[in-house]
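Asks: The lines below spell out each chain.
Number of protein chains: 2
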Amino acid sequence: MHFMQSLQQAWKDHDSLVCVGLDPEPAKFPAHLRGTPDAVFAFCAAIVDATADLVCAFKPQIAHFAALRAEDTLERLIAHIHDKHPGVPVILDAKRGDIGSTAQHYVSEAFERFAADAVTLNPYMGRDSIQPFLDRADKGVILLCRTSNPGGADFQALDCSGQPLYLRVAETIARDWNAHGNCALVTGATWPEELGKVRAAVGDMPLLVPGIGAQGGDVEAVLRHGRTGDGTGLMISSSRAILYAGHGEDFALAARAAASELRDTINRHRHD
Amino acid sequence: MHFMQSLQQAWKDHDSLVCVGLDPEPAKFPAHLRGTPDAVFAFCAAIVDATADLVCAFKPQIAHFAALRAEDTLERLIAHIHDKHPGVPVILDAKRGDIGSTAQHYVSEAFERFAADAVTLNPYMGRDSIQPFLDRADKGVILLCRTSNPGGADFQALDCSGQPLYLRVAETIARDWNAHGNCALVTGATWPEELGKVRAAVGDMPLLVPGIGAQGGDVEAVLRHGRTGDGTGLMISSSRAILYAGHGEDFALAARAAASELRDTINRHRHD
Numbered sequence: 001m002h003f004m005q006s007l008q009q010a011w012k013d014h015d016s017l018v019c020v021g022l023d024p025e026p027a028k029f030p031a032h033l034r035g036t037p038d039a040v041f042a043f044c045a046a047i048v049d050a051t052a053d054l055v056c057a058f059k060p061q062i063a064h065f066a067a068l069r070a071e072d073t074l075e076r077l078i079a080h081i082h083d084k085h086p087g088v089p090v091i092l093d094a095k096r097g098d099i100g101s102t103a104q105h106y107v108s109e110a111f112e113r114f115a116a117d118a119v120t121l122n123p124y125m126g127r128d129s130i131q132p133f134l135d136r137a138d139k140g141v142i143l144l145c146r147t148s149n150p151g152g153a154d155f156q157a158l159d160c161s162g163q164p165l166y167l168r169v170a171e172t173i174a175r176d177w178n179a180h181g182n183c184a185l186v187t188g189a190t191w192p193e194e195l196g197k198v199r200a201a202v203g204d205m206p207l208l209v210p211g212i213g214a215q216g217g218d219v220e221a222v223l224r225h226g227r228t229g230d231g232t233g234l235m236i237s238s239s240r241a242i243l244y245a246g247h248g249e250d251f252a253l254a255a256r257a258a259a260s261e262l263r264d265t266i267n268r269h270r271h272d
Numbered sequence: 273m274h275f276m277q278s279l280q281q282a283w284k285d286h287d288s289l290v291c292v293g294l295d296p297e298p299a300k301f302p303a304h305l306r307g308t309p310d311a312v313f314a315f316c317a318a319i320v321d322a323t324a325d326l327v328c329a330f331k332p333q334i335a336h337f338a339a340l341r342a343e344d345t346l347e348r349l350i351a352h353i354h355d356k357h358p359g360v361p362v363i364l365d366a367k368r369g370d371i372g373s374t375a376q377h378y379v380s381e382a383f384e385r386f387a388a389d390a391v392t393l394n395p396y397m398g399r400d401s402i403q404p405f406l407d408r409a410d411k412g413v414i415l416l417c418r419t420s421n422p423g424g425a426d427f428q429a430l431d432c433s434g435q436p437l438y439l440r441v442a443e444t445i446a447r448d449w450n451a452h453g454n455c456a457l458v459t460g461a462t463w464p465e466e467l468g469k470v471r472a473a474v475g476d477m478p479l480l481v482p483g484i485g486a487q488g489g490d491v492e493a494v495l496r497h498g499r500t501g502d503g504t505g506l507m508i509s510s511s512r513a514i515l516y517a518g519h520g521e522d523f524a525l526a527a528r529a530a531a532s533e534l535r536d537t538i539n540r541h542r543h544d
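Residue numbers (the numbering used here), protein chains in the order written: chain G, 1 to 272; chain L, 273 to 544.
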């Protein structure tokens, strides 16, 4: 199924805008898993199985696997999600971006090797660096726009002929890059008013929103500025607050409770 | 040894500004290697061994390995370069960029797992996304500035309060990010005048220059606009034109001849 269809279906079927980020850090795993063979897979799969009916997407962050030499684990994890929870889209959080033939190799990495449904990308190198991804109409192309970190302002907020860069990026993507309707944008929860400006610029394009929780983003403000007319349009990402909600053998249940609470908090503001 | 010292030493000892890009594409390998076990390593190591005394750096491009599930090959290749050609720095061309704890995982990927001496990064997410790399004073931090592809102009050339974005990026890095003197910039050969503006803005900071050859960049113009006072300051990258210069069993000799010719062409314009 196309990423955009899966996402819309999951928003509806699971009544959820929650995207669970899969950022495994073995030092934070519960004691009974630490040091066991295949602990990264066991941990992530348990989180996935405990939360799949509460989310609109899963978002594994590739650096966490690469630093552990665990690309094969990531392949198996994504296969597990597709197998056990068909219909829940998987976003590979990779923030790649390169030109020509190299972009094509990153396409292969994301969509063939890892079988992701969508990938995060960096737009700095421009249209031709993204084109091989855009050409995959069945896949989601999620471009950095206004990121949640403090340094996000360094360049993204620069004034470009009367508009901040991030808004020029958003408008360019909405106007010129989205012929297949497969684009989405990363806009941090820590800048809800700027998120609102992006929403105004891009119609109903989905926004992937990190920065809730640990980074201090305000759910109510994100919903107010970012939701679409039907109360969707957002993938609100949470990683650590869900993954490490519990530290004992019941960590997956604790993760489920945290995901459920976030979903409910979001849903209280979806149709205000 | 620190990246910047290695680079300066290699510029001098090898009398070369050539950086050979290692972008393996098995379909382009000579017939006698195609389909053999460990062909990617055999091909790349042969190129490395045939050209190491003619270059200032090697630059493996990670997507080419990732698409082949060959990260282990890349680890062995970089170990081979360090072992057989100590003093020739290795730049991991990864163009990563992410925040906080994730940036730290990319640091581990580049410098621990792959043992690279430098890494290419995307500056769009701002200072804090790069800080964990900047903190590694022994490693090179090579940031995208003005890239060689046609789409490079989409955002990099936008006017930001009277200056193009790429120049704001260059100035910010030179002024605020380079406390350890370990920064360098990617500036494409296809825009030699803009390369000159970057050179004027960043003093003697090294520039990694792709876009010679296949992309049409002009060596003479790159040298005229980009060299420093002592005729260095540049890592002029060439991949396909060297890797695939020959198609027979003597492919490594053909690569050596192509690298040697590029070095000579460059050197004719280093001290004009």
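Simulated from the structure, these hints should not be mistaken for laboratory data. Nothing here was measured: the structure is a model prediction, and the numbers come from that model. For every residue, glycine included, the Cβ atom is placed at its ideal position computed from N, Cα and C. Honestly, I wouldn't trust all of these hints.
Stated by the list, open to error - Cβ pair distances, simulated, as ranges: (1) L:298 - G:157: 53 to 63 Å; (2) G:174 - L:434: 52 to 62 Å; (3) G:75 - L:273: 48 to 58 Å; (4) G:229 - L:434: 48 to 58 Å; (5) L:304 - G:100: 23 to 33 Å; (6) G:100 - L:351: 45 to 55 Å; (7) G:249 - L:351: 33 to 43 Å; (8) L:429 - G:150: 46 to 56 Å; (9) G:46 - L:355: 52 to 62 Å; (10) L:452 - G:174: 33 to 43 Å; (11) G:100 - L:519: 16 to 26 Å; (12) L:429 - G:174: 45 to 55 Å; (13) L:298 - G:224: 48 to 58 Å; (14) L:355 - G:100: 54 to 64 Å.
Said to hold, decoys possible - Not the full set, but computed from the structure, chain G residues with beta-carbon under 10 Å of chain L: (15) 30; (16) 31; (17) 32.
Asks: For each hint, tell me whether it holds in the structure or not.
Replies: These are the hints, each one checked on the structure:
Between residue 298 (chain L) and residue 157 (chain G) the beta carbons are some 44 Å apart, a value that contradicts the proposed interval 53 to 63 Å. Under the hint 52 to 62 Å, the C-beta atoms of residue 174 (chain G) and residue 434 (chain L), about 27 Å apart, miss the expected range. Separated by about 36 Å at the C-beta atoms, residue 75 (chain G) and residue 273 (chain L) break the suggested range of 48 to 58 Å. Take residue 229 (chain G) and residue 434 (chain L): their Cβ atoms lie about 39 Å apart, and the range 48 to 58 Å is violated.
Between residue 304 (chain L) and residue 100 (chain G) the CB atoms are about 28 Å apart, so this pair conforms to the stated range of 23 to 33 Å. With their beta carbons about 29 Å apart, residue 100 (chain G) and residue 351 (chain L) fall outside the hinted range of 45 to 55 Å. The supplied range of 33 to 43 Å is met by residue 249 (chain G) and residue 351 (chain L), whose beta-carbon atoms lie about 40 Å from each other. Checked against the hint of 46 to 56 Å, the C-beta distance between residue 429 (chain L) and residue 150 (chain G) comes to roughly 26 Å, which is inconsistent with it.
In this structure, residue 46 (chain G) and residue 355 (chain L) break the distance hint of 52 to 62 Å, their C-beta atoms being roughly 41 Å apart. A hinted range of 33 to 43 Å holds for the C-beta pair residue 452 (chain L) and residue 174 (chain G), which are about 40 Å apart. Under the hint 16 to 26 Å, the C-beta atoms of residue 100 (chain G) and residue 519 (chain L), about 21 Å apart, fit the expected range. At about 20 Å, the beta-carbon gap between residue 429 (chain L) and residue 174 (chain G) misses the expected band of 45 to 55 Å.
A hinted range of 48 to 58 Å for the beta carbons of residue 298 (chain L) and residue 224 (chain G) is consistent with their spacing of about 52 Å. For the pair residue 355 (chain L) and residue 100 (chain G), the supplied restraint of 54 to 64 Å is violated, since their beta-carbon distance comes to about 32 Å. A cut of 10 Å between beta carbons decides the hint on residue 30 (chain G): the least distance to chain L is about 19 Å, and the hint is violated. A hinted interface residue such as residue 31 (chain G) counts as satisfied when its beta carbon comes closer than 10 Å to some beta carbon of chain L; here the least separation is about 21 Å, so the hint is violated.
For residue 32 (chain G), the suggested interface contact is broken, since its CB lies about 23 Å from the closest CB of chain L, more than 10 Å.
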